[in-house]
Every structure is written in structure tokens, then in C-alpha cells.
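For this one, chain E is given, so just place chain H on it according to the hints.
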Amino acid sequence: MKGIFRQLFRMVGLVLAAGLASAVLVRYSPGALVDQRELNQRLSEESLADMRAQKARNSNVGVNFLAYLRNLTHGDLGYSESNNAPIASLIADRAPATLRELGVGLGGGWLIGLGLAIPAGCFRRAWMYDAASSAAAGLLLSLPAALIAYLCLMAGTASGTVLVIVLAPRIFRFARNLLVQAYGAHHVEIARARGIREWRILSAHVLPETAPQMLALLASSVSMAIGAAIPVEAICDAPGLGRLAWQAATARDLPLLVNLTMLVTVATIAAVMLSEMAASREASALL
Amino acid sequence: MKVARAVAIGLLGAVAIVALAPEWWAANRYDTQFRAIPDTPPAARFPLGTDAVGRDRLSRLIYGTRVSLLLAPAAALLSCVAAGILGGLAGLAGGFIDRTIVAAADLFLSLPWLFLLLIVRACLPLNVSPAASVAITFLMLGVLGWAAPARVVRAAVRKLKSSEFVFMARARGCRPWRLLWCQLRPNVAPILLAQFWVAVPIYILTETTLGMLGLGVAEPLPSWGGLLRELEGDSFLARPYLLAPAILLALVIGSFQLLLSNEDFSI
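In the order they appear, the protein sequences are chains E and H. So the first sequence is numbered by the numbering used here: it starts at 1 and just counts up by one. So the second sequence is numbered by the numbering used here: it starts at 1 and just counts up by one.
This is chain E alone, in the form it adopts within the complex (with noise of 0.2 Å):
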């Protein structure tokens, strides 16, 4: 218990510290006390210097963190300007999409990833699917994930399969990898000599073995998905997070961006937190 409260803790620590980063990046990026509605020449000096009293009230990074924060909790975040509309209702409209995604890219990039590791390790003598596999993986690991959501996308294939592709070589290489250390175990060897049969050595013995790094592998996974969703969405023109986040970032749409980096924080850190508990848990069970 004490421990879960001390991830909590350290989780809204980091949190806070991402949303206070970028509230004073977005602070002092150029021109960040410049409206682009001064341009307007029908508006009158009276209007322009409203305009400008009120970006120099939002120029106090402390007390502008502390507004947002305590309209936060009124489930405000703000208004992003570059899509007028509030950005509460831009997330809930996009998340769904992007959760899908995630769901079906992580889903299949484990099934697949986790699929092509086993044999690899489970058989030594079968070098050519190792290698072939190996390769195929190396293959897309020397592709950026905006390359292959182009290639994908030419080849009609939805944003989630995108996703898959891009994470199932990632999820082969490090399960592969700790799959053959399991594999060569001595207790391993000594279970295969007295006839115990593969699927069984797998299952209580590579597995549990391999849990502890399997799940932070998990919680790394969550962290690619994540990234790799911002060029493929933008590519495969999805209606996610990973777009949103794009067309912010290229219309400089800041406040937009905080809250983003906020949520994507939050998403990672308490994926994060979540395996480091179950690597806990099976790491005691195991002892």
C-alpha cells in the first residue's frame, strides 16, 4: 500500500512538472506575447490595447499554472484557438479514435511480435527462421514510423494495422532476445532432458522467468505506441490524439499542446507505474 501511494505521488509529481515545463516553454517561446488579431487594422486602439493588457496578465507563468490547474479541476482546459473549440471537447472527440488504435496496435504488435520471438527462442536449431526474422524485424527498424504509415497507406491499410507493424519488430527484438537468455537456462535444459514437453517449459518456466522485463517491455510499448501514433495519424489523416497534437504543434497552437503533453504524461508514467507493481508482485511470487 505504502508503495502504491509513493508511485501516486511520484506520478502527480511528474505530471505537474511536464504541465509547469511546458506552461514556461510556451511562455517564453518567440512571440508568445504577440496576438496575430493585431494585425487587423479595423480594430480600433482601444480593442488592441485591451488585446495586449490581457496577454500581459497571462504573462505570469506561476500564477497563469495555478488558474489552469484550478479550472482543471472544472474539467476546463482552455480554448485552442488554431480549431476554435474548447479543448476538452477536441480530446473527448478524438481520444476514442486513438484508444482504438493503441488497442489494435499494441494487441496485435504483442500477438505478432511475441508470436515470431517464441519459436526463435524456443528452437535453436532453426537458424533460418531466426535469421529470416531477425531481418524482416532489422528491415522495419531502418524505416521511420511517418515512412511505413506512407507505404500502408498506399497499400490501403488502416491507421491501427500501421501501428501494428511498427511495433511488432520492436516488441520481436527485445522478446527475442530475452527468450533465448531464458531459453539457454540450465533449469531449462535440465526440464528438456527429462522429457517435460515445450509448451509446459514455456509456461512455467520461460514466461514467469521473463515476466519482470516482459512487463517493463509492456510499459515501454505504451510509450512507442504512443510516439509512433503522432506520424502515422498525421499521415494516414486519422482523427486522433497523434493529428491533434501534429496540427497544434504546426499552427503553434500551445495551450492545446500542455494539455496534450499533460495527458500523454499521465498516460505513460501510469503505464509505467502499472507494470513496475505487477513486476513487483511476480517478482515475490516467484521468490
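Quick caveat, the hints were computed from the structure, so don't treat them as lab data. Heads up, the beta-carbon is just placed ideally off N, CA and C, and yes, glycines get one too. Don't take each hint at face value.
If the Cβ cut is set under 7 Å, some of the chain E residues that face chain H in the computed set are [stated by the list, open to error]:
1. Ser22
2. Ser29
3. Leu143
4. Tyr150
Have a look at the derived ranges for each label pair, beta carbon to beta carbon [as the list claims (entries may be wrong)]:
5. Val24(E) / Val128(H): 18 to 24 Å
6. Arg124(E) / Val128(H): 53 to 59 Å
7. Asn71(E) / Arg175(H): 52 to 58 Å
8. Ala74(H) / Asn71(E): 41 to 47 Å
9. Asn71(E) / Phe167(H): 52 to 58 Å
This is chain H only, laid out in the frame that chain E set:
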């Protein structure tokens, strides 16, 4: 495997030689426009054809190789220097300094790499000169990429600090700076060198992704990411020569993978 590694070294060497002096290999400058012959297919004069404004694609690929391949090591060097200083300081000092640096590294590592770059890139001016966009892109990569190698350096320094030879040096009255320079630095240098080589392909891939998203090196200066933007809205099946930068990129990163086996290039 030895043959494959030798081929990889040869390929990287050849590409580096071309990248070092593109003027020798390219028939035209990257921004020379042949306005009478835009968008032509490959021919003897232009082996990869010309782009929409009549620029020689092969020449642009050669100049783009210089930008992508030479500035990634510069960015990797910057991040390794920062990692060496911050990771070394955290490992040596311990206490509050260690906790602060580790917390900052945790913060950097908690965000997906590309997302972090996107936020910082958005905070910097987007409409800048090509030279400034190169500097911004690679400074950003260098400055933001310190966290992962810094953790490795910190762990190594902490381990070295409690090693026997450091203990003996201390017992013989070795001063902290001398200890740092003569005992710790030579032992941490190979670790930093390994981190440098791991970072180079990651930065090349990151620049390509940023370029494809329109947030990398600005036109008319070419980079692999910028050149791959040409694929947008066009089928590579009809014009497969547009994939030349992708093939070169795959060969270069594949060569790095062969030389740095067991490393991940997550972008």
C-alpha cells in the same frame, strides 16, 4: 556475420565520403532549378529525374545525405557531452544533486521522444531560414536526448565510485578532480562512446520523421526527411525512383544495426 559487418562498414564509409564533399559528386547544386524540365522521369542527365520545380533529385539526395548524416553525429555528440556532465555529476555528488538530475531525466523519459520533440519544435519559430532550421532541429535533438545516456553514465559512475581502484586512489590521497580526470574519465569514455553510436541512427530516423511531418529542415535545403515528403499525394508504384532516399536510409540504418546488434532504434 563478419562479412556482413565488413559490408556495413564499407557502405557507411562510402556514404560518409559522399556526404563529406557533396560538391564533388553532385552534378548540380541542390537549389539549381531547370524550369524548362520540371517533374521529369529518370534519364542519363538526371538519374533520379527532376522534382516539381525542376531540381535534380540525385544532387538533392547527395546534399541531403550531408545534412542528415553529418549533423546527426553532431547532435549525438552534444547529447553525450551533456549526459557525461549531468550523469557524472549525479553519480559523483549523490544526495540532492543526484535526486534532482534523476527526476529531470525521469521527466524527459516519461514523454515519448517524438512527442517531446514536437512540443519543443512548436515553441520555436517555424518560419525560419534553412540554416536556422538545421541548427534548431539538431540542437533540439542534442539538447533533448541527454536523459537516457545520462542514466547509463550515472549508473556507471556510481559503480566505479565504489570500486577497489577508486578506493585505493582515495586512500593514497588522490584529489577529487584528479580522481575524476585520471580514474573515472577513462572508464566512462567507452560507455559514452557506445551511447554516441547508439544515438546516431536514432537521430537520423528522428530527423527523417520530423522532416516528413514538415517540422524538420526547411526548404530549399534538402534532408532525407524533406526529400521523402515528395512521396505525399503521389503513388510510388507509378514513380518508384521517389523511394531512393528511403532505400538509402534503410541501408544506412541497417548497417548501423548490424554494427550495433541488440540495440533498439525506437521512433
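Comparing the hints with the structure gives:
A hinted interface residue such as Ser22(E) counts as satisfied when its beta carbon comes closer than 7 Å to some beta carbon of chain H; here the least separation is about 6 Å, so the hint holds. Restraint check, Ser29(E) versus chain H: the minimum CB separation of about 4 Å is within 7 Å; hint holds. Hint on Leu143(E) holds. Least Cβ distance to chain H is approximately 6 Å, under the 7 Å limit. The restraint placing Tyr150(E) at the interface with chain H holds, with a minimum CB-CB distance near 5 Å, inside the 7 Å limit.
The supplied range of 18 to 24 Å is met by Val24(E) and Val128(H), whose beta-carbon atoms lie about 22 Å from each other. Take Arg124(E) and Val128(H): their Cβ atoms lie about 54 Å apart, and the range 53 to 59 Å holds. Separated by about 54 Å at the C-beta atoms, Asn71(E) and Arg175(H) satisfy the suggested range of 52 to 58 Å. Remark: the range hint 41 to 47 Å for Ala74(H) to Asn71(E) is upheld by a beta-carbon distance near 42 Å.
For Asn71(E) and Phe167(H), the hinted distance range of 52 to 58 Å is satisfied, since their beta carbons lie about 55 Å from each other.
Figure legend: structure checked against the earlier numbered hints; every hint is met.
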